[in-house]
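Top to bottom, those sequences are chains C and L.
So the working numbering is basically just the index in the first sequence, starting at one, shifted up by 565.
So the working numbering is basically just the index in the second sequence, starting at one, shifted up by 112.
No incorrect hints appear here.
Subject to a maximum C-alpha distance of 27 Å in a straight line, what follows is the list of computed DSSO-like cross-link-like pairs (lysine-lysine):
#	chain 1	residue 1	chain 2	residue 2
1	C	Lys769	L	Lys240
2	C	Lys769	L	Lys239
3	L	Lys205	L	Lys240
4	L	Lys260	L	Lys239
5	L	Lys205	C	Lys769
6	C	Lys695	L	Lys205
7	L	Lys205	C	Lys759
8	L	Lys239	C	Lys759
Now the in silico label distances, taken between C-beta atoms and shown as ranges:
#	chain 1	residue 1	chain 2	residue 2	range
9	C	Ser753	L	Lys205	24 to 30 Å
10	C	Ile613	L	Asp362	55 to 61 Å
11	C	Ile749	L	Lys240	36 to 42 Å
12	L	Gly370	C	Ser753	42 to 48 Å
Please keep in mind that the hints were generated in silico from the structure rather than gathered at the bench.
All residues carry an ideal CB built from backbone N, CA and C; glycine is no exception.
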Amino acid sequence: MEKLVASVNVLPEQESGASPSVPAAASVPDGRMGRKNASSSGSLSRKIVSLAVPPLVVFVLFVALWEIVIRMSGVQPYLFPKPSDIVTAASENWHNLLVSVRTTIAEAVLGFALSVVLGVAFAVLLALSKTVERSVYPYAIILQTIPIVAVAPIIVIWFGAGMNAIVIIAFLIAFFPILSNTLIGLNSTEMNMKNLFYLYNATKWQTIWRLRIPAALPYILAGMKISCSLSVVGAIVGEYIAGIGGLQGGLGYAITVASTRLQTAYLFACGLTAAVMGIVFFLLINALSNRLLRSWHDSAINS
Amino acid sequence: MSSSLAAIPSAGEEAGSGASGLLVGMEQIGKIYPNGTVAVQNVNLRVGEGEFLCFVGPSGCGKSTIFNMIAGLTGHTSGRLSVLGTTPKEARKMNEIAFVFQEHTLLPWSKLIDNVTMPLTLRGVPKKERIREGERVLELVGLKDYLKVLPRQLSGGMKMRVSIARALISRPKLLLMDEPFGALDEITRQSLQDELLNIWRQDRKMTVLFITHNVFEAAFLSTRVVVMTPRPGKIADILEIPTPFPRSDDYRSSPEFGRHVHAVSETLKH
Ligand SMILES: Nc1ncnc2c1ncn2[C@@H]1O[C@H](COP(=O)(O)OP(=O)(O)O)[C@@H](O)[C@H]1O
Ligand SMILES: [Mg+2]
Numbered sequence: 566m567e568k569l570v571a572s573v574n575v576l577p578e579q580e581s582g583a584s585p586s587v588p589a590a591a592s593v594p595d596g597r598m599g600r601k602n603a604s605s606s607g608s609l610s611r612k613i614v615s616l617a618v619p620p621l622v623v624f625v626l627f628v629a630l631w632e633i634v635i636r637m638s639g640v641q642p643y644l645f646p647k648p649s650d651i652v653t654a655a656s657e658n659w660h661n662l663l664v665s666v667r668t669t670i671a672e673a674v675l676g677f678a679l680s681v682v683l684g685v686a687f688a689v690l691l692a693l694s695k696t697v698e699r700s701v702y703p704y705a706i707i708l709q710t711i712p713i714v715a716v717a718p719i720i721v722i723w724f725g726a727g728m729n730a731i732v733i734i735a736f737l738i739a740f741f742p743i744l745s746n747t748l749i750g751l752n753s754t755e756m757n758m759k760n761l762f763y764l765y766n767a768t769k770w771q772t773i774w775r776l777r778i779p780a781a782l783p784y785i786l787a788g789m790k791i792s793c794s795l796s797v798v799g800a801i802v803g804e805y806i807a808g809i810g811g812l813q814g815g816l817g818y819a820i821t822v823a824s825t826r827l828q829t830a831y832l833f834a835c836g837l838t839a840a841v842m843g844i845v846f847f848l849l850i851n852a853l854s855n856r857l858l859r860s861w862h863d864s865a866i867n868s
Numbered sequence: 113m114s115s116s117l118a119a120i121p122s123a124g125e126e127a128g129s130g131a132s133g134l135l136v137g138m139e140q141i142g143k144i145y146p147n148g149t150v151a152v153q154n155v156n157l158r159v160g161e162g163e164f165l166c167f168v169g170p171s172g173c174g175k176s177t178i179f180n181m182i183a184g185l186t187g188h189t190s191g192r193l194s195v196l197g198t199t200p201k202e203a204r205k206m207n208e209i210a211f212v213f214q215e216h217t218l219l220p221w222s223k224l225i226d227n228v229t230m231p232l233t234l235r236g237v238p239k240k241e242r243i244r245e246g247e248r249v250l251e252l253v254g255l256k257d258y259l260k261v262l263p264r265q266l267s268g269g270m271k272m273r274v275s276i277a278r279a280l281i282s283r284p285k286l287l288l289m290d291e292p293f294g295a296l297d298e299i300t301r302q303s304l305q306d307e308l309l310n311i312w313r314q315d316r317k318m319t320v321l322f323i324t325h326n327v328f329e330a331a332f333l334s335t336r337v338v339v340m341t342p343r344p345g346k347i348a349d350i351l352e353i354p355t356p357f358p359r360s361d362d363y364r365s366s367p368e369f370g371r372h373v374h375a376v377s378e379t380l381k382h
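So that you can see chain C by itself, here it is in the shape it has in the complex (with noise of 0.2 Å):
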């Protein structure tokens, strides 16, 4: 056939800005991945200290308030520590920090890797037939209403005190959220791109392979945003009723223990410690979204 060209309208931000992405995304190899961005670094590090030093300033006059408050009021450090009381005990027992911080990793991650899994897996099972989903999915809707603390003593029963029963649990609190998620995603494909997969006959793994789990990958995104901070509560709370077992106890062990011991300055550190952990990880699950979303997905293009 003869060629056939027209004049081809290259919308104007094109020249400066997406072309030169293109190589970049070239060189990944499935091609979902972004593109590097091509901004100056400069005024990247800029657009990081306006973001950051705001609640810097905040953090900075918080703590510093707290300190003076309770050195002014004598409040004894058991019932309320100050700042520097905490970072004390958390340098004296650093070791004994580290290792419990270690141990909670650990049981974090694994119940949330369990659940991203699990929790995508089972959704594909439920889009692959209405029939099933709408059999099935109440009935995963009522255990999610089950508090997991009611629940956490039958898991010791049966997998034993210890890092088993307790990823169990950090992966029964995460299930859900990627569950309804994924499910949500996978069943709000556009019409149009279902019908053309028809009209292409493509079979029915094709087009959740290549249609419907990439479209819904935001969503599974979204659950994971959510999922891998409470993966973090779960292994604590999953300490607290399973202990230490045969291993080192994790920080929610260390809390139980510092409490009845009343060590509440090192509590405090622990307590801190965890929440900088669920942070940490919701911040890695956000840069990995953004990182898997940004060449395409609306949510992500600017951020």
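Using the hints provided, position chain L with the ligands relative to the given structure of chain C.
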């Protein structure tokens, strides 16, 4: 009309296409949706090989419904419908029908080359052949330098070109286009009309069915215009546009074009 059909040379040589060169045959076709909406009633239409048929009519008159029945996306509730000499469901399996929607329906996470070759990928065509065909159709629509680009980096007109390229990749006998240019600005729309006619003329074995509610578009593109009326959707009349191809901007500004537009508009009013 039926006499003009008889003049169309028969295709014949390809398996399954039916011996008559009749691509779509509708006899007393009716469609009532499960909720009771009578979308289409008493539609009789015969489409031969190589035609360019435009459907015009107000929205809700059943144009998309007719296309969906031809494509096998929804069943008809009365009458007889044959597509490529067989039932719509069987016809779909022959990979001879392609569809272009008003929305570009490109996969936002896939590069243009992957988007365009998607129909071949689904069929398990080897990668080398896929790439070759992908490059062919992207060149056909003037986008061969954009193989590795993601859809969101393109303008609306370019996305529509990609969508057309994807439809052309399996060299379809029947191309169904449901208001493909409806969301484009007038200038882009006209250049795409020119391109589409050029592509169609290269391959006179391809039949195009094209929905629009723009009478100018219908008068410019078609060999015949099917004018429809709503509630329930019926064919008011089928008008011949005998102006020979190629049709250029000269045709757009000719009195002949004006007469065709006028005729279509008048039929629409009744
Ligand atoms: N899936 C459906 N269920 C019920 N009614 C429908 C459905 N699709 C279309 N209709 C109705 O059928 C009529 C024709 O619709 P459609 O074929 O989309 O018209 P057009 O494409 O000409 O605008 C409209 O009244 C519309 O509301
Ligand atoms: Mg329509």
